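> Listed here are the chains, written in short residue letters.
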Amino acid sequence: MSTEIAHETAHDEHHDHGPAKGLMRWVTTTNHKDIGTLYLWLSFIMLLYGGSMAMIIRLELFQPGLQWVEPHFFNQMTTMHGLVMVFGAIMPAFVGLANWLIPMMIGAPDMALPRMNNWSFWILPFAFGMLACTTFMEGGAPAFGWTFYAPLSTTFAPASTDFFIFAVHLMGISSVMGSINIIATILNMRAPGMTLMKMPLFVWTWLITAYLLIAVMPVLAGAVTMMLTDRHFGTSFFDAAGGGDPVMFQHIFWFFGHPEVYIMILPAFGVISAIIPTFARKPLFGYSSMVYASASIAILSFMVWAHHMFTTGMPVAGELYFMYATILISVPTGVKVFNWVTTMWKGSMTFETPMLFALGFIVMFTIGGFSGLMLGVAPVDTQYHDTYFVVAHFHYVLVTGALYSIIAAFYYWVPKWTGHMYDERLGKIHFWWSTIAVNVLFFPQHFVGLAGMPRRIPDYALQFAEFNQISSIGGFAFGLAQVFFLYIVIKTIRGGEKATDRVWEGATGLEFEQLPSPPPYHSFNEPPPVK
Amino acid sequence: MIRIDQVLPDGAYRIVLSPNCSIRWRDLVLFYIFTCVIALAIGIFFTIQGLWLVLPFSGLEMLALGYCLYLTSRKVYRQEVITLDAERTRVEKGVQRIDYSWEFETPWLRLVDESRGARKRDRRLALGSHGNYVEVGDFLDHTEKDALAFQLKDCIIRV
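Note that the protein sequences, when read in sequence, are chains A and B.
Under my numbering, the first residue of the first sequence carries the number 1, and numbering increases by one thereafter.
Under my numbering, the first residue of the second sequence carries the number 1001, and numbering increases by one thereafter.
These aren't lab readings, by the way, just hints derived from the structure by calculation.
For clarity, every value in this text was computed on a predicted model and none was experimentally measured.
Among the hints, erroneous ones may be present.
[Unchecked claim] Straight-line C-alpha distance at most 27 Å; calculated DSS-like pairs for lysine-lysine:
(1) 428/A <-> 346/A
(2) 428/A <-> 498/A
(3) 21/A <-> 346/A
(4) 531/A <-> 1075/B
(5) 198/A <-> 1075/B
(6) 282/A <-> 21/A
Modelling step: build the complete structure from the supplied sequences, incorporating the hints.
Laid out in structure tokens, this is it:
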């Protein structure tokens, strides 16, 4: 047994050091708050980048006929818009929130694997940089839709598709590393007394989301690798001429893609479950049923993928199974909406900006849920498939659902993060501006979709002109509202009324009860007491 | 977690400190096996359909998950053992074996108990003598540190 004399003294160690100075702080940081901030800024930049492509799309669709861009470029815009928003805006924003909040919520000093946390972030700017560069390559950016169906993405794809494949691999690696980190943190690093059933719902939903990511990311990685080998190495996974099956690509894509939808919405459920009780000044109704509902949604998300493929021609038994399984998801989702409404019932409610966005989420996400139910009905879907009705549906889920919850989370936790209250008047203007605009943008798309306007087209029949004009005006207004949001974000970071430690009268949880506003660089040097 | 033993008739004390462990090793292994079963089942399902390139990614991912869980649980399973008798005080730290150890003469032993940082939130206990100190129980919460400080003072007086 070796014996050594301690050379360090108790004073030599520096547990309470602050952040390093300069640019390298952000490059080399392993602090969960810094990395959370980096994720959130990246997602905001990607939101504006993907949003600018949406503006091009809406500009072109303002009038029938080809006005501004060529059809091939239009297809590039729809593809890149989808990819950037899904992988660059929504997912990193939730990972950013997870980085900021999970250690503070469970009483951990940091994420379990801080260096890996740094890598999982810094892979992303390179992945998205590479993806963005494809726009300037010969043949243009990928133009086969965010679903990259074969053979559009194999036989008929531009050369830039190889860069797209590499970028998707990098995003996948980043997501897997982030998920492993979140699972290891939540399982291993909870403070004494923080049992699983005492964890805030945001932590629960992220644990389930991380599990979903772990389960489906190899499927995505396998899919794009098989695309690559079909393109360059003579395989025929998705080529009917070589014995493969292009429809199998749709199966493999949606086996990843449908859980991916829940990856983007489960953390939103966690955010809303934190905000509603605070402003209703009541504990969350049915906590355990919320946990079980989240888990049920996750399990069911693996069993419903082919509802995206009703029109490919599947046996009636298959259609029936996927239809009923899809509709079954509305049960746990309904439990959640019921619990949020019941939490508010007879509560002492106030309507600060986070609450407004949370309420907006509940109402409009439910609209998106109902249109999803309609799309889940196989015979009806045959009519709606690939129309603007589908576009309206998933934008109600992802914009007024996921994005609204992210914005709500920002307003709810930013006083804790920065120590500054945001400007409540500006926050409310942002909410009403966004909410009116987003409904002007997406609600008419239900009508043009039901009337038969297909998605992913730069030109359309004259009968759809009015609704498209209304939709475009809503789109420009919604885009401008998010530039206004950028102003609010910067204004809040730079200063504002000092936030109290608890921030909100009804706020609960370790981050509000045990930490000052803003929290120290290292939140918990020792585990906090958990009630 | 603090465990105190009075060792043998010579009156020596042994204090064993270990961090909070929020999941038992057995449960962690079960979680890992369950995840492997799910991930590999998906990989095998697609292999049967002819899309075998999913399986290697599932395997790689499960290896990464297993390694990371092992790595983080190692941190949780570390221990610090403080053994005091009338002559010597030994502090040992490690995971499943002694990785580091320090020895001090008990008559000269001092316990440093200081609170630092914003709002004195960061409380640190250190044992040592003659300018050489080693921090003990940095993973304990405030109540446990209170108990450890009390026990150490008590043991030092008794031996």
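> With reference to the structure, classify each hint as holding or not holding.
Verification of the hints:
| no. | hint | in the structure |
| --- | --- | --- |
| 1 | 428/A <-> 346/A | 24 Å, holds |
| 2 | 428/A <-> 498/A | 19 Å, holds |
| 3 | 21/A <-> 346/A | 49 Å, violated |
| 4 | 531/A <-> 1075/B | 25 Å, holds |
| 5 | 198/A <-> 1075/B | 23 Å, holds |
| 6 | 282/A <-> 21/A | 42 Å, violated |
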